[in-house]
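Number of protein chains: 2
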Amino acid sequence: MSTEEKRTDISKYGEFGLIDHLTHSISLQNPSSLKGVGDDAALIDNGNHLTVVSTDLLLEGIHFDLMYNPLKHLGYKAIIVNLSDIYAMNAQPKQVTVSLGVSNRFSVEALEELYSGIKAACEHYKVDLVGGDTTSSNQGLVISVTAIGQGEKEKITYRSGAKVGDIVCVTGDLGAAYLGLQLLEREKQIYLSQPEVQPDLESQEYLVGRQLKPEARRDMVELFARNNIVPTAMIDVSDGLSSDLMHICKQSNVGAFIEESGVPIHPEAQQMAIKFKLDPITCALSGGEDYELLFTIDEKDLPAVRLLPDIYIMGEIVPREDGIKLHTKGGNIHPIKAQGWDHF
Amino acid sequence: MSTEEKRTDISKYGEFGLIDHLTHSISLQNPSSLKGVGDDAALIDNGNHLTVVSTDLLLEGIHFDLMYNPLKHLGYKAIIVNLSDIYAMNAQPKQVTVSLGVSNRFSVEALEELYSGIKAACEHYKVDLVGGDTTSSNQGLVISVTAIGQGEKEKITYRSGAKVGDIVCVTGDLGAAYLGLQLLEREKQIYLSQPEVQPDLESQEYLVGRQLKPEARRDMVELFARNNIVPTAMIDVSDGLSSDLMHICKQSNVGAFIEESGVPIHPEAQQMAIKFKLDPITCALSGGEDYELLFTIDEKDLPAVRLLPDIYIMGEIVPREDGIKLHTKGGNIHPIKAQGWDHF
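Protein chains in written order, with our numbering: chain A, 14 to 357; chain B, 14 to 357.
Hint data in this document are derived by calculation from the structure and do not stem from the laboratory. Be aware that one or more of the hints could be misleading.
Some, not all, of what chain B presents toward chain A, calculated at C-beta under 7 Å [stated by the list, open to error]:
1) Leu72
2) Lys107
3) Ser120
4) Thr147
All C-beta atoms, glycine included, are put in the ideal place defined by N, C-alpha and C.
If we strip away everything but chain A, and leave its shape as in the complex, we get (with noise of 0.2 Å):
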């Protein structure tokens, strides 16, 4: 391309514009293909049941860095990532494929680390690796992972379910990810100036746990089906609460009303965000990679959702005119704005 031509920055759109902008002419031609691009997952249409397909491409240095991720945690993560897609549609995944991009730096051992970590998250999740080849890198390490799965028709749950009057919910808590980056950061920083001390992360096992080796909410998915609970929509908290929130409004054509007292924290995440001089609700709003499940349900299923263990309540659905909105403990009504993980 000559340097006369038109170069617009990539950065001009972000993560989500940009795959907007490239994919929005783009009109499906099988009637097998149901829901393409702008959800947790593509869904396929086989019948008696909905193959659901999710895609996720990690980069070394983008998505993570060798010096704190161990190898068999990076493996598991990897495949619990794609697996969090799938359960986010109220599906079961099945089957994962896995492609490494692998440079000479890597032992054969090393590899069998990584593969561990994966055939562990497979073997916890009774998933199938049915597939993936591995090729040389010159550019560090690259994972890309697909997971198929298998839903009902009549409870995949999508983004844009969402109406007036549903419950905003999430499971388990959200920002201890975020936090036990910035601890694993900080330690990284300290042995790169001074290599001989030791780190001290034995204390904050929860929250480098989170970040290190999450979980994808299976039993959540397995709840609802046992208590007939189908949620009106659903996404899994990987951006951030602000950007995955915003996913459910823009797509559902709805704004949100949250209430911060309502927003689970762990307490170890909320000591530790003080102590980074960090606002406790700022890391649960933007931290992402809690690969917890943000839903909504009718008013109607409130009492039944209500008794269930490890479900948090935080709003409510409202006219998309009225926005998304944050209700602070302190009185105050903010704006709640997209500051999740962007990494242009």
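Given chain A, put chain B in place with the hints provided.
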């Protein structure tokens, strides 16, 4: 990992050996997982049909060079190589997902070019782009594609179905993509040393086109269906005839006897090989990236296959003990060794 620990260099295993080594202990748990690692694609049982899944990772500097791979062609080829894997199972691709890792040196316009090739391939082959994401990369361009297709249970072709007495056939011609790459590499070196010299590739349109803009053999899979032919084994020629034939022989537990005179080589490839002081048959055996279909048929289908266009009969499947051998035009018999693309 401390330096005292065991360190085995990955080159010890090579590309195929490594994935075998890492995945050999995996057993499939889900009844729907019919076929895992080790064929062109994974197979998932969906009741009335099989879902066929193939995935490929393309890395800048390993699988393509942006000095001579125009982005539009690269997008096209990234889709084709995955569709080719689905056709090699005698199935029909229906959907693809695309994940990109891109650095800031790419403009939005450059990504639009790449996507225009992706879309052109999707339209031409009637597949839907249903998912994927775009992430930042500090490691050059990374393209990960997953293709999803459908096949009929009794018509799926595995690498493992060849039996003694079967006829070995191939579509199209072999070696041209490799010679196209040699031409592009030569022009790149000339350009790097003498930027004022304009490359003259137009007279070599066929060879360069086979490298930069390959097609997948949908037409052949359709031809098989119309003529009620189901190959006993099939693979696409991505690594080179010798490597891909060895995959069939290894998994079918057989040998093969190939006639040099039966290996189709385009006249332009023939001439260019000689110009490069290469043996044309070596280019056909070891070149790779032709994306033709290498397949075996039962002897009873030979009369029907003889009448079909663009299919070449190269040899015969023999007992495993007889090895995999080439009968040269000069009357010699040579063992065929895997010398395909091994990036390690």
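How the hints compare with the structure:
With a least beta-carbon distance of about 5 Å to chain A, the hint placing Leu72/B at the interface is held under the 7 Å criterion. Here the hint on Lys107/B is kept, as its CB sits about 5 Å from the closest CB of chain A, short of 7 Å. Hint status for Ser120/B: holds, given a least beta-carbon distance of 4 Å to chain A, under 7 Å. At its closest, the beta carbon of Thr147/B sits 5 Å from a beta carbon of chain A; the interface hint therefore holds under the 7 Å criterion.
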